[in-house]
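Asker: The lines below spell out each chain.
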Amino acid sequence: MNQALQTYGQPKMVTIKKIVQENEFVKTFFLDVSLGVKAGQFVNIWLPGVDEKPLSVAYDDGSQTLITFYAFGHMTKKLFELSEGDKVGIRGPYGTYYTWNKGDTLVLVAGGYGAAPMYFVANEAIKDDCKIHFVVGARNKDLLLYLDKIEKLPNVELHVATDDGSMGLKGYNTEILKDLLAAGEVSRVFACGPEMMEKRIVDLCSEAGVKSWISVERYMKCGFGVCGHCCLDDSGDRVCKEGPVMSGELLAASPEFGKYHRDKVGKKVKL
Amino acid sequence: MANLKVKFCGVEFPNPLVLASGVMGVTAAGLLKTARAGAGGVTTKSIWLNEHVGHKNPTMIGTEHYFINAVGVPDAGIEKAQEEMAKYLEKHHVPLIANVMAKAVEDFEAVVKEVTKLNPDLIEINLSCPNVEDEFGKPLACSVIKVAEVVKLVKSCTDKPVIVKMSPNVEDHVGIALAAEKAGADALCCFNTFGPGLVMDLETRMPILANKVGGVSGPGIKPLVLKMVNDIYKAVKIPIIGTGGVITGNDALEMMMCGASLVGVGTMVYYNDVAGFAEMTTQINGWLDEHGITNIEDIIGTLQR
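Protein sequences, first through last, are from chains H and L.
For the first sequence, position 143 (counting from the first letter as 1) is numbered 418 according to my numbering, and the numbering increases by one without interruption.
For the second sequence, position 254 (counting from the first letter as 1) is numbered 262 according to my numbering, and the numbering increases by one without interruption.
Derived by calculation from the structure, the hints in this document are not laboratory data.
Glycine included, each C-beta is placed from N, C-alpha and C at the ideal position.
Among the hints, erroneous ones may be present.
Just the calculated beta-carbon pair ranges, DEER-fashion [to be verified]:
| hint | chain 1 | residue 1 | chain 2 | residue 2 | range |
| --- | --- | --- | --- | --- | --- |
| 1 | H | M471 | L | L232 | 27 to 35 Å |
| 2 | L | Q312 | H | H349 | 33 to 41 Å |
| 3 | L | E59 | H | G360 | 38 to 46 Å |
| 4 | H | K377 | L | H73 | 36 to 44 Å |
| 5 | H | G324 | L | H73 | 25 to 33 Å |
Think about it this way: if two alpha-carbon atoms lie no more than 30 Å apart in a straight line, the pair counts; the simulated DSSO-like pairs of lysine-lysine are [as the list claims (entries may be wrong)]:
| hint | chain 1 | residue 1 | chain 2 | residue 2 |
| --- | --- | --- | --- | --- |
| 6 | L | K235 | H | K543 |
| 7 | H | K302 | L | K64 |
| 8 | H | K353 | H | K416 |
| 9 | H | K516 | L | K230 |
| 10 | H | K534 | L | K95 |
| 11 | H | K516 | L | K125 |
| 12 | H | K352 | L | K64 |
| 13 | L | K88 | H | K516 |
| 14 | H | K474 | H | K302 |
| 15 | L | K15 | L | K242 |
| 16 | H | K542 | L | K245 |
| 17 | L | K220 | H | K534 |
| 18 | H | K516 | L | K220 |
| 19 | H | K362 | L | K64 |
| 20 | H | K353 | L | K64 |
| 21 | H | K542 | L | K121 |
| 22 | L | K146 | H | K539 |
| 23 | H | K534 | L | K125 |
| 24 | H | K543 | L | K111 |
To spell it out: a stretch of chain L is covered by chain H in this simulated footprint if at least three of its residues, at any positions, have a beta carbon under 8 Å from a beta carbon of chain H; those stretches are [to be verified]:
| hint | stretch |
| --- | --- |
| 25 | 25-35 |
| 26 | 54-68 |
Okay, chain H solo, but in the shape it has when bound (with noise of 0.2 Å):
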C-alpha cells in the first residue's frame, strides 16, 4: 500500500517543517509530507490529547503540504501554539477538488483565510493555460492573505475588495465579481470563505449564467463519509464526501446552504 492510502483511514504523525505566521491569528505549517492532495481537498489534522478537525490544504507540491489555518476554537489555537520541528497528526485527502478545462477563464474568490486553498487552485490551473482573476476581500488589509504570492503568479489579475476601505475597493469582493461576469468572458467561478458570500456568489453565477463551485464547510465526526454529521439538506450530499467543493446548481437547491448548519449533537444553527 502506499503512503496516502495507509493515512485514509489512519493519522500519521508528521513534523511541521517551518511555519510562516500571515497575520495576527493566521500561520501556515509546512507538513513533511504529500499526500497527493488535489486543489479543494481537506485533511485531519490530529492534535494529540486535544482534538482533531478538517482542515483545507494550501498546498501540495508532492513533497510537503501547506495547511493555513486561522486560530478560531480552541483545537486550532492549540495548533497555533505548536513550533517548527514539532509534529501532528494528518491523514486523507479527502472529499473533491476543483477541475477545470485548458485556458479556462477562472474568476476565484476569497474571503479572509479562503485565499490559501483558492492559491492552490490558481497555482494548479496556470499550468493548463488559464487566465485567472484573483479576487481577494477581508474586512481590512491586515487580514488579506497570500497577496504577494498571488502577484507572483503569472496569468493571474488580482483584485482586492476590503470592508473599511484599506486596500482596494472598499466593500464587499462580490462587487468585483459582479463587474467580471458583466465583462462576460467567464468559463467558471471557484469560491471559499464566509457562506453568506459564497451564497451571493451562487446567486450572482446563476443570474449570468456562469458555473459555480463553491468551497463547502460543515462540523464533521469522520471527514469519511461514514457518519452523516455533514450531509446537506435535503440532497443528504455529504460536504466531506460529494464537497467539500460543490456545484452552485446544488447548492442553490439545497435549503440550508446560506441559512443554517448544524452543531456538534446535529441541531440547526443559523448563519
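Mind docking chain L on chain H? Use the hints.
Answerer: Frame of chain H, contents of chain L only:
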C-alpha cells in the same frame, strides 16, 4: 431475479439490507440518500430525550481489516428527531427503525413514548454501546436482569415492534437473547460493536481515539458474528437482524444462512460508500439465481452444521 422481500415483525422490507444505527443516520437527508442508494431499511442514529454530547475527534479509524469508533452517541434530543423523522416519513422509501438510547433502565420510558408518537415502523433499543462506559458503566445488554427489566418497560410503553440491540461482549450471549425474548422483545439486532478495543499511534505511544477506546466493527468481526448469530438463532424464536462485518452481498447471504432475517450494514459504507448497497443486492441476486432460489427468505437459517 429472486424475490428479495423480507417480512420482519409484520413490516415488509424490499430487501434484507438495513442501514445500521450510527452510519448516515443523523438527518432525514442522510437516511433518504442511503435508501435511494438501495438499502432495504434504515436505522436512525441513537435518539436521546435530551441533548447528549459525544466524544471529541478522532472518533473513527478505518483500516483494511477492521474499523473502530468512539463517537459517544451525540444527539440533539427529541425535538430534532421529531423534525427529521417527520421529514423521512413524508418520503418513506423503505422502513424506518428508530434507535433510542437512555442512561438507565427507567429513562427508556420517556424517550420510547416520545419516539412512538413519531410513528417509526420499528423501535430499536440501544443497550449495548461499548464506548460510553466511562459515562454510564457496563452496557445494560451485559446483564440478563437489566435486559429483561428494560424490555418489559419498553414493551409496556409502545405498540411498535421492539428490537433489542445486543452486545457481543458478554459471557452468555444466548442467555441474554433468551432473557430478551422472554421479556417480550419482538426481535434482536445482533450485534453492536466489539470491545472496546484500542488503536494506538506508534510515534506518540498514545491511543488515537479521543475516547482512547472504541467499538470494533468491519471485516475482521464477521466470523465471530456469524457464529454467535447462529447460536442465538438456534435458541430463540424471534427474528434476528445480523449485524457485523457484512461488506459484500455474499457476506449478507452467509449472515442469513446463519439465521438472520435481515442484515445490518454499517461499516460497509467506509469501504464501498452508499453505492455498496446496490452492488450487494446485485451480488445477492446473482447467487440466488445461480442456485435456483426464488425467495430469499428460503435461505434463512440454512447453515448445514
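Asker: Run every hint past the structure and note whether it holds.
Answerer: Results for each hint:
In this structure the supplied range 27 to 35 Å is violated for M471(H) paired with L232(L), their Cβ-Cβ distance being about 50 Å. For Q312(L) and H349(H), the hinted distance range of 33 to 41 Å is not satisfied, since their beta carbons lie about 57 Å from each other. About 41 Å separates the C-beta atoms of E59(L) and G360(H), a value consistent with the hinted range of 38 to 46 Å. Look at K377(H) against H73(L): about 42 Å separates their beta carbons, and that is inside 36 to 44 Å.
With their beta carbons about 26 Å apart, G324(H) and H73(L) fall inside the hinted range of 25 to 33 Å. Between K235(L) and K543(H), the direct Cα distance comes to roughly 42 Å. Violation of the 30 Å bound is thereby established for this hinted pair. For the proposed pair K302(H) and K64(L), the alpha carbon gap of about 24 Å is at most 30 Å, so the pair holds. Between K353(H) and K416(H) the alpha-carbon distance is near 26 Å, which keeps this suggested pair within the 30 Å criterion.
Between K516(H) and K230(L) the alpha-carbon distance is near 27 Å, which keeps this suggested pair within the 30 Å criterion. Proposed proximity of K534(H) and K95(L) is supported: the alpha carbons are some 18 Å apart, at most 30 Å. Among the hinted pairs, K516(H) with K125(L) is inconsistent with the structure: their alpha-carbon atoms are about 34 Å apart, more than 30 Å. Of the pairs offered as hints, the one joining K352(H) and K64(L) holds, with about 16 Å between alpha carbons and a cut-off of 30 Å not exceeded.
Distance check on the hinted pair: K88(L) and K516(H) sit about 24 Å apart at the alpha-carbon level, within 30 Å; holds. Pair hint K474(H) plus K302(H) holds up; C-alpha atoms about 27 Å apart against a cutoff of 30 Å. Between K15(L) and K242(L), the direct Cα distance comes to roughly 20 Å. Compliance with the 30 Å bound is thereby established for this hinted pair. A distance of roughly 40 Å separates the Cα atoms of K542(H) and K245(L); the hinted pair therefore is violated under the 30 Å criterion.
Simply put, K220(L) and K534(H) have alpha-carbon atoms about 36 Å apart, too far for the 30 Å limit, and the pair is violated. Using a Cα cut-off of 30 Å, the hinted pair K516(H) and K220(L) holds, with the two alpha carbons roughly 26 Å apart. For the proposed pair K362(H) and K64(L), the alpha carbon gap of about 20 Å is at most 30 Å, so the pair holds. For the suggested pair K353(H) and K64(L), the alpha carbons sit about 15 Å apart, so the restraint of at most 30 Å is met.
In summary, the hint linking K542(H) to K121(L) is supported, as the alpha carbons are separated by about 21 Å, within the 30 Å threshold. Note on K146(L) and K539(H): the hinted pairing holds, with a Cα-Cα distance of about 25 Å set against a maximum of 30 Å. Taking the CA atoms of K534(H) and K125(L), the gap is about 29 Å. The hint holds against a cut of 30 Å. Simply put, K543(H) and K111(L) have alpha-carbon atoms about 24 Å apart, close enough for the 30 Å limit, and the pair holds.
With a cut-off of 8 Å between beta carbons, the stretch 25-35 of chain L has 6 residues touching chain H; three or more are needed, and the interface restraint holds. Look at the stretch 54-68 of chain L against chain H: 9 of its residues bring a Cβ nearer than 8 Å to a Cβ of that chain, three or more, so the hint holds.
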